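Q: Chain by chain, the residues:
Protein chains: 6
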Amino acid sequence: MARPVMMFTGQWADLKLDEMAKAMRDFGFDGLELACWGDHFEVDKANAEADYCEKKREQLEKYDLQCLAISAHLVGQAVCDIIDERHKSILPPYVWGDGDPAGVNARAADEMKATARAAQKFGVDVVNGFTGSSIWHLLYSFPPVQPKMIDDGFQLFADRWNPILDVFGECGVKFALEVHPTEIAFDLYSAERALDAVGGREEFGFNFDPSHLLWQGVDPVEFIRAFPDRIYNVHIKDAIVTLNGKTGILGSHIDFGDHRRGWNFRSPGHGGVNFEEIIRALNDIGYAGPLSIEWEDSGMDRMHGAEESCQFVRDMDFAPSNVAFDAAFDKEKQ
Amino acid sequence: MARPVMMFTGQWADLKLDEMAKAMRDFGFDGLELACWGDHFEVDKANAEADYCEKKREQLEKYDLQCLAISAHLVGQAVCDIIDERHKSILPPYVWGDGDPAGVNARAADEMKATARAAQKFGVDVVNGFTGSSIWHLLYSFPPVQPKMIDDGFQLFADRWNPILDVFGECGVKFALEVHPTEIAFDLYSAERALDAVGGREEFGFNFDPSHLLWQGVDPVEFIRAFPDRIYNVHIKDAIVTLNGKTGILGSHIDFGDHRRGWNFRSPGHGGVNFEEIIRALNDIGYAGPLSIEWEDSGMDRMHGAEESCQFVRDMDFAPSNVAFDAAFDKEKQ
Amino acid sequence: MARPVMMFTGQWADLKLDEMAKAMRDFGFDGLELACWGDHFEVDKANAEADYCEKKREQLEKYDLQCLAISAHLVGQAVCDIIDERHKSILPPYVWGDGDPAGVNARAADEMKATARAAQKFGVDVVNGFTGSSIWHLLYSFPPVQPKMIDDGFQLFADRWNPILDVFGECGVKFALEVHPTEIAFDLYSAERALDAVGGREEFGFNFDPSHLLWQGVDPVEFIRAFPDRIYNVHIKDAIVTLNGKTGILGSHIDFGDHRRGWNFRSPGHGGVNFEEIIRALNDIGYAGPLSIEWEDSGMDRMHGAEESCQFVRDMDFAPSNVAFDAAFDKEKQ
Amino acid sequence: MARPVMMFTGQWADLKLDEMAKAMRDFGFDGLELACWGDHFEVDKANAEADYCEKKREQLEKYDLQCLAISAHLVGQAVCDIIDERHKSILPPYVWGDGDPAGVNARAADEMKATARAAQKFGVDVVNGFTGSSIWHLLYSFPPVQPKMIDDGFQLFADRWNPILDVFGECGVKFALEVHPTEIAFDLYSAERALDAVGGREEFGFNFDPSHLLWQGVDPVEFIRAFPDRIYNVHIKDAIVTLNGKTGILGSHIDFGDHRRGWNFRSPGHGGVNFEEIIRALNDIGYAGPLSIEWEDSGMDRMHGAEESCQFVRDMDFAPSNVAFDAAFDKEKQ
Amino acid sequence: MARPVMMFTGQWADLKLDEMAKAMRDFGFDGLELACWGDHFEVDKANAEADYCEKKREQLEKYDLQCLAISAHLVGQAVCDIIDERHKSILPPYVWGDGDPAGVNARAADEMKATARAAQKFGVDVVNGFTGSSIWHLLYSFPPVQPKMIDDGFQLFADRWNPILDVFGECGVKFALEVHPTEIAFDLYSAERALDAVGGREEFGFNFDPSHLLWQGVDPVEFIRAFPDRIYNVHIKDAIVTLNGKTGILGSHIDFGDHRRGWNFRSPGHGGVNFEEIIRALNDIGYAGPLSIEWEDSGMDRMHGAEESCQFVRDMDFAPSNVAFDAAFDKEKQ
Amino acid sequence: MARPVMMFTGQWADLKLDEMAKAMRDFGFDGLELACWGDHFEVDKANAEADYCEKKREQLEKYDLQCLAISAHLVGQAVCDIIDERHKSILPPYVWGDGDPAGVNARAADEMKATARAAQKFGVDVVNGFTGSSIWHLLYSFPPVQPKMIDDGFQLFADRWNPILDVFGECGVKFALEVHPTEIAFDLYSAERALDAVGGREEFGFNFDPSHLLWQGVDPVEFIRAFPDRIYNVHIKDAIVTLNGKTGILGSHIDFGDHRRGWNFRSPGHGGVNFEEIIRALNDIGYAGPLSIEWEDSGMDRMHGAEESCQFVRDMDFAPSNVAFDAAFDKEKQ
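Chains as they are written, first to last, in UniProt numbering: chain V, 1 to 334; chain F, 1 to 334; chain B, 1 to 334; chain D, 1 to 334; chain X, 1 to 334; chain G, 1 to 334.
Chain V on its own, in the form it takes in the complex:
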C-alpha cells in the first residue's frame, strides 16, 4: 500500500535531530514521527517563534523526510499520574516547576493544550502520547480495591483530559493514546472504558502499538477489530515472551533486556508480533496513515536495527485486493 515508513524519534533524543535525521534518511525512511523532547520538536518554541515550524519542516526536507504526527508521551504522562521523583527527569523544567504534584499535573495539562496548538501550526493532524493514570498502582486488587476507586480514576482521566481534548478539537488535531502499561488504558477492555469515559469523542483515539499488547496476551488484531475508527497512528514495535518456568510476565523488578525477564522488547520481526495479520486488519479498516517504527531492543545495536527494520516494514506492507477471484471463472467477465 506504500504507506510511509517513519521512525519515531523518542528513543533517539540523545542525538541532535540533524544527526538522527541524516542517519534515518540513509537507512531509507520516508519520515520521522518527532518526539516533543530533546531538540526534535519543542512545543514552547513552536508556539512562541513564528518560523519555528517552517524551519523544522525545512530541516526535515533537507533529508527528504516527512512528518505526519508528533508525539508527546512524556508530558502527557504527567497529566493523570501521581507525581513522584521519576517525573522530574522526563519533564521540561517549566512543566516540572517546583515539583508540587498538583501544580505539575496542571502545567502538564496546559502543555498538552499547547501541543495541540503547535501541531496545528506545524501541520500535523495527530499528536501521539500518554495520559498517565491515577489508578495504575491499584492494578492488582490487594489490599482490596473498591470499584469506586477505579471509577474515580476513569472520571479523573475524563475531567483532566476533556478540557485538553476541547483544544484538540478546536485545532482540528486528534490525540492518539498509545495504549500502554501505566496509562489509563493498557489493554483492550481498559481502552474501551477510557473511550467511554470521554463519551467516545472523536478527538480521542489510539496510537496502535502491538508490542504492549502482545506480552499481556492480548491479540493486537482484536484491538484493531474492536476500534476500527479509532486507529489514528500505528507504531511498529515488537516484543517477545520469554517465559521458561523461572521468568515471570511481571518482570521481577528486573531491567529491560535481562534474559531473566518474562518478556522484552525486540526489533521488529525479532519478536512474537504477527505483523502479517496486522497489515491485513489495517487494510480491512482502511488505515492509510504512517507505519512508524518505535525502535527498542536492549540486545541489538540500534543503528543495525534501524536500518534492518526500515526494510522489514517495507517488505511486510502490501495493498489489499481489488478483484473478486471468482470473477475470473465467470465466462461473462472473461
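Treat the hints with caution; some may be incorrect.
Unchecked claim - Below, a list of computed lysine-lysine pairs in the DSS-like style, where the Cα atoms sit at most 30 Å apart:
| id | chain 1 | residue 1 | chain 2 | residue 2 |
| --- | --- | --- | --- | --- |
| 1 | X | 88 | G | 148 |
| 2 | G | 16 | G | 121 |
| 3 | F | 88 | F | 121 |
| 4 | D | 148 | B | 88 |
| 5 | G | 16 | V | 16 |
These are computed hints drawn from the structure, not numbers from a lab.
Quick caveat: nothing in here was measured; it's all calculated off a predicted structure.
Start from chain V and add chains F, B, D, X and G according to the hints.
A: For chains F, B, D, X and G alone, coordinates are given in the frame of chain V:
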C-alpha cells in the same frame, strides 16, 4: 503421605469460627490455618489473656481440628506498603490508629512481633503472611525507574522486617511470606532477591501458593526446586489463564470473577495448576507440613467448593517410594 | 446448581419408552427429553387423544422421571431441506405422504405447528429441533455461489418458519434450534444470521450442543456469550478431533466411528469439550434449565455410557458463588 | 532443482492472455499453466483449427514462457456434479446448451475427451482439472446417509470418467485431479477411494495443491507420501486457518476474504503451508515437473502477490543431495 | 469390556509370591502376570516337577487370582545381547554359568525353549519377554554404522530366535516381545523390521506397552493400528516427558526417578499416556486379553500405586458399541 | 557483530582442500575450520615438517580464508571409546595400528597431544573434537546399570584426558568438546558432569553445536547460560524433529535422511533451531569467536546449501546494544 489437609480461614472470616469449624469438620478437614482476623485468632487477646490460646485449642478440638500455622496477611501488608485508604478496612483499629502512614507502618511492625509471640504461646511454628512493598507501584518501568529505587525498596523491606524476624527467632517461629503480587516478592526472581535482602536468615521463608505464580507464567515446581529449604507452608489454591485474544493478563481493572479478565482464581482442580508435579516436588524436598486450601473461586458456591476440594487434596497427595525398582530384577535380592 | 440431568431419547427410539425409561431411572437420571418419534412422544396422538399427554406423564412418573422439553429434529429437518430419499426413512408416513418435495415441506411445517400445540398440552415450554436448510449444499463456494443464493436461503428459512413460530408464540412454547451441520445455522455466525432472519423474535432460540461446534473449531463458550438470552435448552454431548495428518475434518465420506475420520462423537467426558467452562458460562447467564445428555459414541457400549455420563454430569454441575471474597478481609464485615 | 515456476492462469482469465503473459514474464515466471477458459486455451479451436496450437505456442514464446500443462477445472466439474444454475456461469455455451442436467453432464464429458485431444496436439502431457461429484451434498451424514449412497457416487464417477480416461490413454495424456472440496476426492482417504474406483489406472492421478488440504487438517506431506507415483502436477497455493473461538472451519456461508471465516486462501508464504517439507517430499518421490502458482488471496493486490510469489517459489526450491555425509569421515574416500 | 485386570509381578520379585498375591487380591486384581524370576514362576521346576504347575495354580486360586501369561524378560534379554557384568545379576546361576558370553547366549536360548514348554504345562498361551539386541549400542550412527551392521543384527536375532519360536509353535504358545529400548525392536519401525526378520511367523508378536513408546514420541495408538493381529498381551504402564529446556530425552546417564531426567515412568494415569484412545484401538482390533499393570514409579509408594492403579484400569476399560446410532432415527426400526 | 563466518571442513574431506577452499571463498565465507583428516590439516606432517603450517596458511590466504580453530573429532573419539571395526575407517593407519583396542586408545591419546602441539604451531587457540565414551552403550539402564558403572566411565574419561589436557595447557590451546551422542557429554547435565570430572580445568570447554541438543529436547540457549565461560567455539548446524506418531526420536536404526526417522539434520535455517536466541545469548556472554557452519543435510545439494547458509549466518548475526533506552527520555541526557 497423609499430610494433614487444612482450610485457611482467611476468606471465611465473615463467619464466626464455630460456624466455620463445624462446616469444615463435616467436610472432612483435618484442621484449620487460622487467620488473625475476625474472631478466628486474635493476636492481642492471645498475648493479653492467659487462657486464650488454650481455649482456642479447645474450641478447635471440639471439632477434631488441628491448627499448625496461623496467618497474618493483613497486618503484614501494612509493614512495607505505602499506606492509603484501602488499608483502613483491613487493619484492626489499634493498628490503623489515626491512619498516619508512618505510624501505621510502625504499629503494623509491632503487631507482627506480637504475632510471633502469640504463635509461640499458641504452639505453632509458622506464621504465614504478607510483607507489603514500597515499590510495587514501580512494577512497570515507566516513567523510567532507576535501579536504585528498586534497591531502596528491598533495603526498606530488610530494615523493617529484620527487627520483626529477630523476634520470630527468639520465639522459635518462622515467617512464611506468601509470594504474591503487591508483596516484596511476587515471583521467583523477586523471591530470590528478598531472601538475599535479609541475608538468607532462617526465620524467613515462603508460604508456597502456586496460584499466584501460575498466571504470571512461573512454573510453581521451579519455585520449589529453587527454594527447597524455605518452603515453610503450602497453600493449595488454583487459578486459570483465560486469555482469548481480548482479555489481558493484567486484568483490565476488572473485578475478580469476570470472564473478561485474562485470569481468575479457581477451586483446586478447576484451574491450570499441575498439583501432581507439585506433590512430587514436595516429596522430593521432604516437605511434611500441611496442605492448606486457600479457597477462592468467584464462580462457585463456596460450601460446594470447600467440600469438594478437601476430597481433591486427599486424593492427590501420596507418599514417595522407598524401593529401587531394579532391585526386583536382581536375583540376589529376590 | 442441581440442574436436572436428562437423557434425550432420540438415539434410543429403537427401544420402547418403558424399557428405555426403566433403564434411565436405574442409571439415576432425573428425566427424559422425549423425542417425537418411536413411541416416545407421538404428536398426532397427543393432539388427537384427550388423555395422551396425561398418560404419558403417568408413564414417566412411574419411573420418577420428569420431562421439560420435547424434541422434533426429524420433522423439523424437512421444513427447509431439499427433499430426497433420505427423508423418507426419518419422517412419519403421514408427513412423507407421496414424497413430492413441496408437499413434504408443507406437511412438515404443519407438523411443527402441531408439535407446538402438543407441547403446550403436554406442559413443556420448549421444543428442540432442526430447521433443515435449502443452502447447505452450497457450503463450499464452488462452483461460485453468488451472495444472493445465500440470502435467498435465509429468506426461505424465515418464510417457512415465521408461520410456525407464530403458532409457537400462541402456545407459549419456544423453538430451540440445535445448531448443527445441515441446518440453517451450524456455527456462531450462521446462528447470528438465522436469528436476524426471523427478526430476533423471542420464540426462536437455541438448543446449545457443544459437540457440533467443537470440531468446527468454534469455542462453545463463545456461543453462550454471544446469545446469552437465547439458550433455551442444553445438550451435553461430546466430540473429539482426531486429526493426525491423514484424517480430514470433513470426514472423507467415512461413517461415524471409524478412526480414519478427523473427528467423532464421544460419550461426555471422553472428548474435547471443556464442560467446566460451559457450566461457568451457563451460571453467568443464569441458565436454570435441564442438562440433557444426547448420548452418541460409536466406540462405547451405550448402556455403560448412559450410566457413566449421568454421574459425569452430576459431578460437573455446580452453583455459582453468592459471596464477594474480599468481604472476608474487611473488618466491618467480620 | 530448478523446477520451472509457472503461473496458473485460471484466476486471471478476465485478462487477455497477452496482457497476462507480459506481466508474468516481467515478474520472472518460466511459464504458464493455461486455463481452458477465457482466451487462454480454447479447446474447441485447438481441435478445429490446424494452427491454433502452434500459434498459441508462438504467443507464449514471444514472452519466453513455457506451458507444460493445461487446466480444465470448470468443464470437469460438470461431469459428475448435480447441475444447477451455478454451472451456467462457468461453462462455455456449447457445453451448457439448454441446461438440462443430463445433457450438460454428457456434453461436459465429451468436452473433457476433446480436451485430452487438444492437449496432445498442443504437446502437453497433463491436463489438470476437477471431476465434480454427485455426492458432495451428502458430506455430513444427516439425514442419515446409507453407505450405498456413497458407493453409488464413486461408481458414477468411475462410470463417467473411465470413457474419458480411455481417450486420455489414447492421447498419451494424464488427467490430474485437483483434490478439492466439491470433487469426488477432497482429502487423503477420498483420494484413495477415487483411485480405487478407477482401478488405479495410470491415466488418473493428482494435481497436488496443499491449500485445500491444510484447512481440513490433512498434512500435505502425508498426501505426497500416500501417492508418490500419482503426483502429476503441483500447485503452489497457500491457506491459513484463522480459528479464534468465534469463526468456524466450515466458513459460516461467508465469502472468501472475510475475517469472520475460519480459514482463507493466502499468497504463498503468507499462510500455514509448510513448503519446505513439501519440497523435500517432492524431492524424495522424484517429482521433476513444474511448480505452478495458483494465486488467490482476497486480502492482497494480485500484481504485488504474483511478483512476490514467483520469487518465493524460486527461493524455496532446491535440489536433493547426492552425497552420503559419512563418506567424508572415511579415510578411504578422502 | 471387563477385560481381566492383572498385576505383572516383575517389579515385586523381592516379595514372596504369597505375600504379593495377598496384597494384590486385597487391592482388587483379577490375576497376576507371573514373572519367571524370584519364586513367582520357576521354569526349571515347572518342567522338572510333575505337580509344580498345579500347585502354582492352587497357590493363586487361594487368592482368587488368575494367570493368563507368564513373563521371561530377563532370560530373553540374554539371547541376543552382548553379555557383560550386568547380565550376571539378572540371570539364574544355571543360565549365567561361567559367564562366557557365547555360552550365556546359548543357555539363555535353551531356557527360553524351556519357558515355552513350562507355559504349555502351566496352561498359558503367551510368554512375554525381551529378546536382547546385538546392535543396540549402534543406536546413534557415530562412528558411522554401515547398513550391513544393522542388517546383521536383525539376522542374528532371526537366527537365534527362530529355533526358540519353533518350540513355541510346537507348544501352542506365543512369544510377545515387549518393544523396549535395548531390544531388537524398540519403536514402530524397528518392530516392523523385527517381524519381517522372522518372516512374520505367527508365534512372534508383541506385548504392547505404551510407556516405552511415549517418551520416544511414538503414538502408542499408531503401534496398535500397525500390528492389529500381533498384540498378544497388553501392559498398562505410564510415563511422562519432563523436558524443560535443561533436561534431555536421553536421560543424561541419570537414574530413573530424578527430576533432572527428560522423562520418567509413572503410575498409570499420572503420566502422558492417553489410555482412552488405547482402549478404543484395542476394542477396534478385538483384543480381549488381559490389561496387565506393570507398575513402576520412582516417586510413589508402590502399595498406594498398586491399589490406585487397579481401580484406574477398571474405570478406563469399556466395551465397544453394538448399535448403529442412526438406526434410532429410522422409523422402520422403531 | 561481524563475527567471522567459517565452514567446518569435516564433511568435505572427500574434496581436496584447494577445491573446497575455492568453492567456499566464492560462496563468501571468511574462513575454514580445518578438519584433521583428508588433506585438510595433517597433524603428523604439521609436527614433522617445519613449513607445513606456514604453507597451509598460504594455501588458505590464496583464497582469502582465515582459520581460527582446527578439529580432531575422529581421533578424539578413539580415546575413550570401546574400539570396534567402525573405528578403523575413521582413524589414520598409524593410530589404528593393529587395531588392538588398548593400543588404539593409547595411540589416539598420543595423537591428541600431538594435535595440541600442531595447533600451537599453526597458531590456533582451539581444537574442537570428540572424546569418545566407554559408557555410551549403557545409555538406557537395562539390564540395570549400577551407578558405579557410570562413575567409572567419567573417571576413565578424566584419567585418559587429563594427561592430554596437560599438553593443551602447555601449548596454550583449549580443547572444545562438541557435546554429542556417543561422547562422554551429550546433553546439559552430562556436560556438567564431564566438566566436574576434570575439575573444571580451563583447558576443557565446549564446541557449542545446537543441532545435537535440539532433538534431545534440550534448549540450546540453556546450555549457553549454563556454561557462559566455556563456549570456546560455535558450530552452526540445524536439525528438525519430525515426530508424526509413527517415527521415533531414537531413529529406529534407520539411516540419516530417511523421512521415517524422528529427526534429521538440516541446513541452517531449515530446521528447528532458534538461532535468534542463540545469537542473543552469545552476545550476552561476550562470545566473539567464529560462527562455524557444520553443514549436513541429507535432503539438499551441498553446494546450494553451503552458499545459502553462508548468507543465512551473516544475516542472523548482529551486535548487542550499547545504549540504555530510557536515557533518551531523560532530559539531562538530551
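Q: Hints first: check each against the structure and report whether it holds.
A: Hint-by-hint comparison with the structure:
1. For the given pair, residue 88 (chain X) sits about 16 Å from residue 148 (chain G) by alpha-carbon distance, which is consistent with the 30 Å threshold.
2. Annotation: proposed proximity of residue 16 (chain G) to residue 121 (chain G) holds, straight-line Cα distance about 22 Å (limit 30 Å).
3. Between the alpha carbons of residue 88 (chain F) and residue 121 (chain F) the distance comes to roughly 28 Å, so the proposed pair stays at or under 30 Å and holds.
4. This hinted pair checks out: residue 148 (chain D) and residue 88 (chain B) have alpha carbons roughly 16 Å apart, not beyond 30 Å.
5. Simply put, residue 16 (chain G) and residue 16 (chain V) have alpha-carbon atoms about 55 Å apart, too far for the 30 Å limit, and the pair is violated.
Hint 5 from the earlier list is the only one contradicted by this structure; the remaining hints agree with it.
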